[in-house]
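Chain A is already provided as a structure; the job is to place chains B and C on it using the hints.
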Amino acid sequence: MKERTIWEQIADSFRSRSIWMLHYCTGCGAMELPPTMTARFDMERFGITPMATPRQADIMLITGYLNTKTLRRVIYTYEQMADPKYVVGFGSCTINGGIYFDSYSTINRLDYYIPVDVYIAGCMPRPEAILEAFNYLMEKIRKGEADGWKRYKENYDWYKQNQIRSLGEVYVHDEFHE
Amino acid sequence: MVAAYKALFNLVLGFFLVLSLEGVGRKITARVQRRIGPPWYQNFIDVFKALSKHPFSNGWVFDFGVLMALGGAMATAMIVPMGSTTWTPFPNSDNFFVIMYLFAVGALGMAMGMVGSGNPWASIGVSRALTQMLGYELPYLIVISSTIFYYKTASIHKLVELQKNGWNLLVMPLGGIIAFISLMGMLGKKPFDISTAPAEIASGPMTELSGKYLGLLHIMHVFAMFVEVSLFVDVFLGGGNLGWYLVKFIVVWVLAVLISSVLPRFRIEQMLKFYWGVPLGLAFLNALFVLLGWTL
Amino acid sequence: MAMSTLLVSLVATSVVMYFISKASWKIGAILNFLIGIFLISYVFALSTGTTSELGTLFGQKLQLIWTNASYYFSLVSLLVIVSVMLFAIKWLDSQKYPAAFNMFLLMMTAGSLGVFMAADLITLYIFWEIAVLSSMLIVPMGKKESRKAAVVYAVMSASGTYMYLYGAFLAFQRYGTLNISEIAKHMVSDPSTGIKATIFLLLASAGIAKSGIFPLHTWLRIAHGNAPDAFSAVLSGQLVKLGSYVLMVSVAALPSLKIFSNIPFYSGIPATNYFLIALGATSIIIGTLMAIKQDDMKMLIAFSSVANGGYILIGIGTMDPIGFEGGVLHVFNHALAAAVIFMAFASVVYRTHTKKISELGGLIHKMPITFLAYLFAIISLAGIPPMSGFISKWMIYQALVRKGMFITAFIAFFGSIGSFLYVFRPLAGVFLGQLPKKYKDVKEVSPIMWLPMVILVTISLIIGIWPFPILKPIEGMRMDFGIAPTMKIADSSHWLIKGFAGNWNPVLVFNLFLIGFVIAYILYTLFPRPKKVDLLAPHKKEGAPINIYTGGEFIYNPDLYQYNTKFYAGFERMYEKHPSWEKLLEMLAKFFYDLGEWVHGWFFRPSPSAYTFWVTLTILIVFWVRW
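Residue numbers (numbering that gives the first Met the number 0), protein chains in the order written: chain A, 0 to 177; chain B, 0 to 295; chain C, 0 to 626.
Take the hints with a grain of salt, since some may be wrong.
[As the list claims (entries may be wrong)] Heads up, simulated DSBU-like pairs for lysine-lysine below, C-alpha to C-alpha not over 35 angstroms straight-line: (1) Lys436(C) to Lys68(A); (2) Lys272(B) to Lys151(B); (3) Lys152(A) to Lys365(C); (4) Lys576(C) to Lys188(B); (5) Lys355(C) to Lys147(C); (6) Lys589(C) to Lys355(C); (7) Lys157(B) to Lys471(C); (8) Lys487(C) to Lys163(B); (9) Lys189(B) to Lys565(C); (10) Lys189(B) to Lys530(C); (11) Lys497(C) to Lys157(B); (12) Lys589(C) to Lys151(B).
I should point out that these hints are in silico values taken from the structure, not numbers from a laboratory.
Bound conformation, chain A alone (with noise of 0.2 angstroms):
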């Protein structure tokens, strides 16, 4: 890995501080996030705040299981996303398909379509797990080792070649488009 300069380190440290999520509500683990929002649990106190759009947004969480239609949604709002960038995969669903994992439309696993920074296992995780994930991440862009964002750059064509195969002429043509 390259060396970061100090403004990279200095820049790193507010990155950690401060994290703007949007949550891709594709799931049941949407429901997850409000007591860990609220006065129980409160992420606001680690400078974690929702956040409307993806242009402002630092992370995304996919909280839930995809699925075709809905995947290239995400990469459609990943994209959008402005660098340095995070993914945050909720549950087991996003790991290996959950107990969706034999249905013809489930993507099994996010990994190879965007890069993932930081799983979140259980079906649904906890709310200290989801505060813990949010801390490993912390620590994790601190060190400058979230760097999913860099190697969706470096890796391009790869995640490119996996989208198209698994979301075939879909992900080219809208289907309700024309």
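Just chains B and C now, with coordinates in the frame of chain A:
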């Protein structure tokens, strides 16, 4: 030359004061909601982080709008007096209407840049923000007009001097209260955060902002709030040295934050009906009292 | 050249211009422009106090005099007219009747100059009619509805003018003179308030009709909206100012404070002036509210002209030194801003053939210079520094607050903030946002069309930073009319504009803005460079989605992602069911129309029995009379 240093000091103080107060405000809101809340310096981290990111630009008018917004807000912040003649950078130009309208340059720049991003949510947000302006400005301007009529000057530092014997808030309490309600709208605090409602219209004007654009507009917002609260403090809460001024500033800020942290959001017509109802009527009543000489 | 010779030869030239333009309208348009340039230099060279005589009509000498007011108003008018003449050199190729346009434009110029030069009421009337009639004949050259627009314009204008003429004759009958300054002297010593007030209001009504003040404001929407596009710039920027001039004559040249000192109404303002101020305030409310909800961009600015006419009237009507200067300066600001805005719209219509905001969008990608001109013009129109529009609004506020006129001040504030709303609507709907696919091949207009806009905007900006050249003739005017001659408002040695309550320094304010902008730019360059988002991607490649936040949805047709219909829906909903003066007038018109139909129906029936009846009746009456 001294004026230039004072203006620069205005900028520096405004930046650090309001940005840390914003953090304090977040902390207070969190405490009201029985949370721990972020540290008071959280907003510094947020701004610098936003500035450090690699943003997207939606065309030249987007860039130009952001620059115009920040430039206009900074220009206004440089003029605003801070509680006494000593801390008035430009005693010849600190006219109330000049400040009020110079302030509008920044607002227009922001509106133009954000609509220039091509996103309809931004347009909706701007349309709401302008409508809201129609709401809160009218009672505010009537109150300020009656103040100017009463003290026979529109120059802010002279207004401050003339309040030596008693704060304007005590001379016309009704006007002070109305102005504070308008201030809430100006700051975009909770019942009046219609234009940036994140859950309805994807944070309105800020929809397309990324990275440094977000950071620069946050700084613009900081200066805007500095100007708004400073005007209220100067016009209603009398003078004093810089320390007193800061104390008053903080008190007004904390009060606004406390009120906002327990209220839900208005709809746009509700906001207009609210401002054009009781506050506007009381503002006229206040003007009538001033005309008849019934001030305390 | 004497002024009378100039005016007569201008009218004559305009007829010649028709035949030249018939041969080649381009040469005609260029000649028109050159004549305009000559007129500007002529206006600069003329010294105040020059008099001239036009001839005698029914034993009355028709006199011309060159005053500070003539200088100021002529200059403003010529600035607008000459830029439109330059604009027309290219723009006329989209018009059906370029030769007639050239002729009437020149004739109208002569008429307007004559109005500003006139020393007596009847000369003013003659040139007024020349200006009105020639402009009325340009209006129907526009679209289909334009004919009706011209009729409405003519009727409204005539109703004002005839009242004016009646007032002039009343003054003549009472004082035996038509000269304005002599009438002023007579009126001050006249003991009868009733007659004075009648003359005053009758004279002012011409101005009310022309500058679109409340009861007679309805023609502005129709005429400005349907006139040929570039001519709307003249209508709103220049012709409406004829009305302001007449208002100024009736309020200030006939010193209303002295004349009506026996009927003070509020804060030293006579009831007559206050009546005009109330009309002006009503116009501000109507103009602002109606402008906010217009979808037709030309009608939107037409209503804004109603509102700004109200500002001018309020400023002049207070007869406060600073208010008067503000009102008069607002003439200049509104003339320039409205002219630029209408020219920008004319450019848009020239390229896209529509004036509906809801059908446009994103033209900034195609017409950036027009956009910038429009942007600076609306900054001036909304009264935001550093453009000149702010100075006049500041002055008017100062006067209103000084006089303690809180309700009028409230309306002025409402109009000012409302103007932010309505000027932003075309900016967002026409120039910003998403470009509809059908306009993807639109181009910027030619330099001949954008140059006049840029020049006017630059003048407005320079005056906003350094307003003293234009404040000088205004101060001179104020001295002429004797409104607080000892007070000095523009202090050019200290770069200050002095109000009753505090001063301000326009140069400093501009510099602060510049410094703020530079600091912002430095901050901007310090941080990482942005990646460009191509908003025109769907236009360039079929099947490319737009790359902005869409909530995860793919949008291929940018027309669908543009917010410009009912822009202020939340606010518009609040006054959807408003009472309409225009509808009332229409009802009145309908009533008279029906009455006419009814009477008509009595005489012209298809059945022979009706004819028999009338013939019998006539014979009977004749018989009876004979008997």
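Okay, the hints, checked on the actual structure:
1. Lys436(C) to Lys68(A): holds, 27 angstroms
2. Lys272(B) to Lys151(B): holds, 32 angstroms
3. Lys152(A) to Lys365(C): Between Lys152(A) and Lys365(C) the Cα gap is close to 33 angstroms, so the pair holds against 35 angstroms.
4. Lys576(C) to Lys188(B): holds, 32 angstroms
5. Lys355(C) to Lys147(C): This hinted pair holds, its Cα atoms lying about 20 angstroms apart.
6. Lys589(C) to Lys355(C): holds, 28 angstroms
7. Lys157(B) to Lys471(C): The given pair, whose Cα atoms are some 29 angstroms apart, holds under the 35 angstroms limit.
8. Lys487(C) to Lys163(B): holds, 30 angstroms
9. Lys189(B) to Lys565(C): holds, 26 angstroms
10. Lys189(B) to Lys530(C): Measuring from Cα to Cα gives roughly 34 angstroms; hence the hint holds.
11. Lys497(C) to Lys157(B): holds, 15 angstroms
12. Lys589(C) to Lys151(B): violated, 52 angstroms
Hint 12 from the list above is the single one not met by this structure.
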